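Q: The primary structure of each chain is shown beneath.
There are 2 protein chains.
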Amino acid sequence: MKKRLFTPGPTPVPENVMLRMAEPIIHHRNPEFVEILARVHKNLKYLFQTEQPVVVMSASGTGGMEATVSSLFSPGDKLISVNGGKFGERWTQLANTYTQNCVEIKVEWGTAVQPDQLLDTLKANPDTKGVLLTHSETSTGTATDIKTIANLIRENSDALICVDGITAVGAHEVRFDEWGLDACITGSQKGLMMPPGLALIALSERAIKAIEASTTPNFYFSLKKALKSHAKDDTPFTPAVSLVIGLDESLEMIKNEGIEQVWQRHERLASACRQGCDALGMKLFSNSPSYAVTPVWLPEGVDWSSFNKVLKFENGITVAAGQEEYKGKIFRISHLGFYDELDMLLVIGALEFTLKKIGFDFEPGVGVAAVQKAFLQS
Amino acid sequence: MKKRLFTPGPTPVPENVMLRMAEPIIHHRNPEFVEILARVHKNLKYLFQTEQPVVVMSASGTGGMEATVSSLFSPGDKLISVNGGKFGERWTQLANTYTQNCVEIKVEWGTAVQPDQLLDTLKANPDTKGVLLTHSETSTGTATDIKTIANLIRENSDALICVDGITAVGAHEVRFDEWGLDACITGSQKGLMMPPGLALIALSERAIKAIEASTTPNFYFSLKKALKSHAKDDTPFTPAVSLVIGLDESLEMIKNEGIEQVWQRHERLASACRQGCDALGMKLFSNSPSYAVTPVWLPEGVDWSSFNKVLKFENGITVAAGQEEYKGKIFRISHLGFYDELDMLLVIGALEFTLKKIGFDFEPGVGVAAVQKAFLQS
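Protein chains in written order, with our numbering: chain V, 696 to 1073; chain W, 696 to 1073.
It should be emphasised that the hints constitute simulated quantities derived from the structure, not laboratory data. Keep in mind the model is a prediction, meaning the values are calculated, not measured. Among the hints, erroneous ones may be present.
[What the hints assert, rightly or not] Counterexamples of contact, computed for chain W against chain V with all Cβ distances above 12 Å:
hint	residue
1	Phe701
2	Glu718
3	His723
4	Arg734
5	Gly882
6	Glu1036
[Said to hold, decoys possible] Interface residues of chain V toward chain W, partial, derived using beta-carbon atoms under 8 Å:
hint	residue
7	Val708
8	Pro709
9	Ile720
10	Ala754
11	Thr792
12	Asn796
13	Tyr915
14	Ser983
[Stated by the list, open to error] Here are the simulated DSSO-like cross-link-like pairs (lysine-lysine), alpha carbons at most 30 Å apart as the crow flies:
hint	chain 1	residue 1	chain 2	residue 2
15	W	Lys818	W	Lys842
16	W	Lys920	W	Lys824
17	V	Lys920	W	Lys824
18	V	Lys923	W	Lys904
19	V	Lys923	W	Lys1024
20	V	Lys1022	W	Lys1022
21	W	Lys697	V	Lys927
22	W	Lys1022	V	Lys923
23	V	Lys920	W	Lys1024
24	V	Lys737	W	Lys978
25	W	Lys1068	W	Lys698
26	W	Lys919	V	Lys781
27	W	Lys920	V	Lys1022
28	V	Lys1007	W	Lys737
29	V	Lys919	W	Lys773
30	V	Lys781	V	Lys824
31	W	Lys842	V	Lys773
32	W	Lys920	V	Lys927
33	W	Lys801	V	Lys781
34	V	Lys920	W	Lys1051
35	V	Lys781	W	Lys904
36	V	Lys920	W	Lys920
37	V	Lys923	W	Lys1004
38	W	Lys842	V	Lys919
39	W	Lys801	V	Lys923
40	V	Lys920	W	Lys697
Just so it is clear, CB atoms sit at the ideal spot from N, CA and C, and this is done for glycine as well.
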C-alpha cells in the first residue's frame, strides 16, 4: 500500500531534495559549502520578500521562536502575546520564561485575533516592547491577517512585530519588508518541503538594533552571533550540513515556481479541500482558514480512532489529529508544501472510502466532484 | 578526482546511513517513528555504557553543552571549567552566560589538565557545584583522563561531573555509569558517522535531581522537558526526523561492531597515523593524543595554504586547519567515525604525495611503511 503524508510538518520531501541530501557529506568550512550557504541566504530573502538578513539555525521552529524572544528583548520587557492555539501558547511560555512580563490576548480556538482587540490592548499597554503573533496557527488551522495588524501596530506603537510564520511562510502571502515586520520565523519541515531540523529567521533593522541592546543571557540561540556569522555566509556553530544542502534544492524549486505562484497554489488547494469536505457534509472548524492546513470536525457519532484506523491502514493516508480539548473531535488535513491539485482529489477520495467503510452516509463521489469543480471553475 | 574527508566533524557518512535518511519522510507521532526512537534511546545507552536516559536534541553539540549548563545549574552556582582549547573555552563561555560564577583552569594547548591541578582547584573552592571537562579537545587533538579525574572528583566533592564527549564518544573508552559521570554530551556528526544536527546527552540520577531543582530559565534546551518526553520515547519539540532515522542505522553499525572494538579501532588508527607522520619527520602537536584527531606541526618552511592546496585539489583530501594562534602552524587529520586501516594508509600516502610536490625532503614510502608496520606488528 502506498503511504501518503498529509500532516502539517513533517510535510512530504521531494525526491530530488532527498537525493541531494544523500550525497557524500562535505565540511562546513569547505568553499563548496560556503557557496551553498550564500545561495541559501540569498534565496531565503526571496522567500520572505526581504532585503534583510535571514539567519539559519540548526533547531526546530520552536528554537527560532526562542532565539527571537531571548535575543530581541531584555528581562522585564513587556510583551503582548496573542494565544489562539498551541503555538500562540508557546509564545506566551517563551515570554514568561525570558522577559517575565507578558500580557496575553486569549483568542477562541478556530478564530483569529481582531485588529481592534489588539489595538485596545496595545493602547492599554503603551510600554509594550514587542507583539508576538502567529500567522497560521497549526493547531486550529486558522490564519491571522498579519498585513493589517502589522500596519496597525506600526501606526500606534514602537513595539517590535514578531511573527511565527512557521506554517505560513511558503503558503500565505508574506512580505516582510513591505509589511514592516521585525522578526519572522519558519521551520524547514513546513512550506520548505524539507525534513525537520532548521529554523529560519528574518530580522529587520529595528530588530538588529534591539538585538545589540538586549541583556538576556543566551548562547546557541544568540541572534547577535548568528548575524555576525551570516555576514560572512557562515554559522556560529556547526550547521546541519545535509539539511542546508537540501534547503538549497527546495528553495530552488520555490524560485522556479515563483513565490506568488506558490502562495496562489496553497490558497487554491486549501479552498478545494474545504469544498470537498463541505460537500461530504463535514463541518469546517476554523472561521478564518489557513492555507496550510484544514481542520474538520469529525461527523457526529464517528469515533476518531476507528476513522483514523481505516484512513491510515486501509488507505495509507496520515492526517493530523486534533490537539488538546479537540483531540478526537477534529482532524487536520495538511496541504502545506509539496502538494498539487491531484493530491487534494486523492485525499478527499480517501476520505470518501473511509467514511463509506465506517457507515457515514453521503452520496458517493460528491466530495471529489466538489474538488474538481473548485479547480475547474477557478 | 575522488574526494575524501578527514575532518573531525562532519565525518564521513556511510552509504547505508545516507540511503536510510533518503527514504520518504514519516511523521514523528507515527508509531513507526516512536519505535525507531525507542530503539535509538536503547542503543544510545549501550553507546554511553549506561542504564540512565540519554536524550536526543535537534541542535549541534554546543546546544547539548548549553542544555547541560542551563538545566543542571542555577544562577550563581560556582562551576570549574577546564579550558585547554576552543571547546574548553566554550564551557567557560556557557558558564559565564548562565551561572556567572566560573573558576577557569587554563591549560596549555596540546596538554591535558593534571589530576592534581584539578584537585587543588576543587579544594580551594569547596562550594563548587559542577566541573566542566572536555574528554577529547578537538582543537588540540588532546585527550584528558576522564576516568581518573572523575574518580578524584567523586572522592573529594559533590560537584556534578559534566563531560564534553563530543569527539570522544565512539572513539575513546567512555563508561558513563562505572565512572560516575553526571552529564556526557556528544554530537551526531562525530563518532556516530552522521550529518550534523543532533546532540545526545546522558544524565545520571544526580543530574536528574539537579535538573528538578534548577532555576535557570530555558525552554528548547530544557532537560526537564527532554527527560519527561524521553520516558515516553518522544521529544518535546519536532525532532530532526531524518537524522534520528539515520542515527538508528549508525547505532546499529556500532552495536554490530561492538563498542569495545570501536574504541580499539580508533586507538589503533590514531597510533598508526602518528607513527606515519613521525616517520615522515613531522612533529606531533599533542603530548596526550586523542584517538579522534591527530594534530601535526607543519614542517618548518612549509606554507599552509600551498600545502593545503596540493593536498586538497590534487589529492582530494580535506583535513582540518589549525585554530586560533595555531592557524597556519598545525593541521589536523581526523580518524573519527567511519574509518579503517586502509584509510590511514591512504591519508599518509596523500601526505607523501603532497610533501614531495612542495619540495619537503623525506624518503618516499617511509610514511606508509610506518603505518603498515604499526598495523601488522600490533
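Q: If a hint holds in the structure, say so; if it does not, say that too.
A: The hints, checked one at a time:
{"no.": "1", "hint": "Phe701", "in the structure": "violated (10 Å)"}
{"no.": "2", "hint": "Glu718", "in the structure": "violated (8 Å)"}
{"no.": "3", "hint": "His723", "in the structure": "violated (7 Å)"}
{"no.": "4", "hint": "Arg734", "in the structure": "holds (19 Å)"}
{"no.": "5", "hint": "Gly882", "in the structure": "violated (7 Å)"}
{"no.": "6", "hint": "Glu1036", "in the structure": "holds (21 Å)"}
{"no.": "7", "hint": "Val708", "in the structure": "holds (5 Å)"}
{"no.": "8", "hint": "Pro709", "in the structure": "violated (10 Å)"}
{"no.": "9", "hint": "Ile720", "in the structure": "holds (5 Å)"}
{"no.": "10", "hint": "Ala754", "in the structure": "holds (5 Å)"}
{"no.": "11", "hint": "Thr792", "in the structure": "holds (5 Å)"}
{"no.": "12", "hint": "Asn796", "in the structure": "violated (13 Å)"}
{"no.": "13", "hint": "Tyr915", "in the structure": "holds (5 Å)"}
{"no.": "14", "hint": "Ser983", "in the structure": "violated (24 Å)"}
{"no.": "15", "hint": "W:Lys818 to W:Lys842", "in the structure": "holds (19 Å)"}
{"no.": "16", "hint": "W:Lys920 to W:Lys824", "in the structure": "holds (22 Å)"}
{"no.": "17", "hint": "V:Lys920 to W:Lys824", "in the structure": "holds (28 Å)"}
{"no.": "18", "hint": "V:Lys923 to W:Lys904", "in the structure": "violated (37 Å)"}
{"no.": "19", "hint": "V:Lys923 to W:Lys1024", "in the structure": "holds (26 Å)"}
{"no.": "20", "hint": "V:Lys1022 to W:Lys1022", "in the structure": "violated (57 Å)"}
{"no.": "21", "hint": "W:Lys697 to V:Lys927", "in the structure": "holds (29 Å)"}
{"no.": "22", "hint": "W:Lys1022 to V:Lys923", "in the structure": "holds (21 Å)"}
{"no.": "23", "hint": "V:Lys920 to W:Lys1024", "in the structure": "holds (27 Å)"}
{"no.": "24", "hint": "V:Lys737 to W:Lys978", "in the structure": "violated (44 Å)"}
{"no.": "25", "hint": "W:Lys1068 to W:Lys698", "in the structure": "holds (26 Å)"}
{"no.": "26", "hint": "W:Lys919 to V:Lys781", "in the structure": "holds (20 Å)"}
{"no.": "27", "hint": "W:Lys920 to V:Lys1022", "in the structure": "holds (22 Å)"}
{"no.": "28", "hint": "V:Lys1007 to W:Lys737", "in the structure": "holds (28 Å)"}
{"no.": "29", "hint": "V:Lys919 to W:Lys773", "in the structure": "holds (26 Å)"}
{"no.": "30", "hint": "V:Lys781 to V:Lys824", "in the structure": "holds (23 Å)"}
{"no.": "31", "hint": "W:Lys842 to V:Lys773", "in the structure": "violated (48 Å)"}
{"no.": "32", "hint": "W:Lys920 to V:Lys927", "in the structure": "violated (35 Å)"}
{"no.": "33", "hint": "W:Lys801 to V:Lys781", "in the structure": "violated (46 Å)"}
{"no.": "34", "hint": "V:Lys920 to W:Lys1051", "in the structure": "violated (41 Å)"}
{"no.": "35", "hint": "V:Lys781 to W:Lys904", "in the structure": "holds (29 Å)"}
{"no.": "36", "hint": "V:Lys920 to W:Lys920", "in the structure": "holds (26 Å)"}
{"no.": "37", "hint": "V:Lys923 to W:Lys1004", "in the structure": "holds (28 Å)"}
{"no.": "38", "hint": "W:Lys842 to V:Lys919", "in the structure": "violated (38 Å)"}
{"no.": "39", "hint": "W:Lys801 to V:Lys923", "in the structure": "holds (27 Å)"}
{"no.": "40", "hint": "V:Lys920 to W:Lys697", "in the structure": "violated (35 Å)"}
Hints 1, 2, 3, 5, 8, 12, 14, 18, 20, 24, 31, 32, 33, 34, 38, 40 from the list above are not met by this structure, while the remaining hints are.
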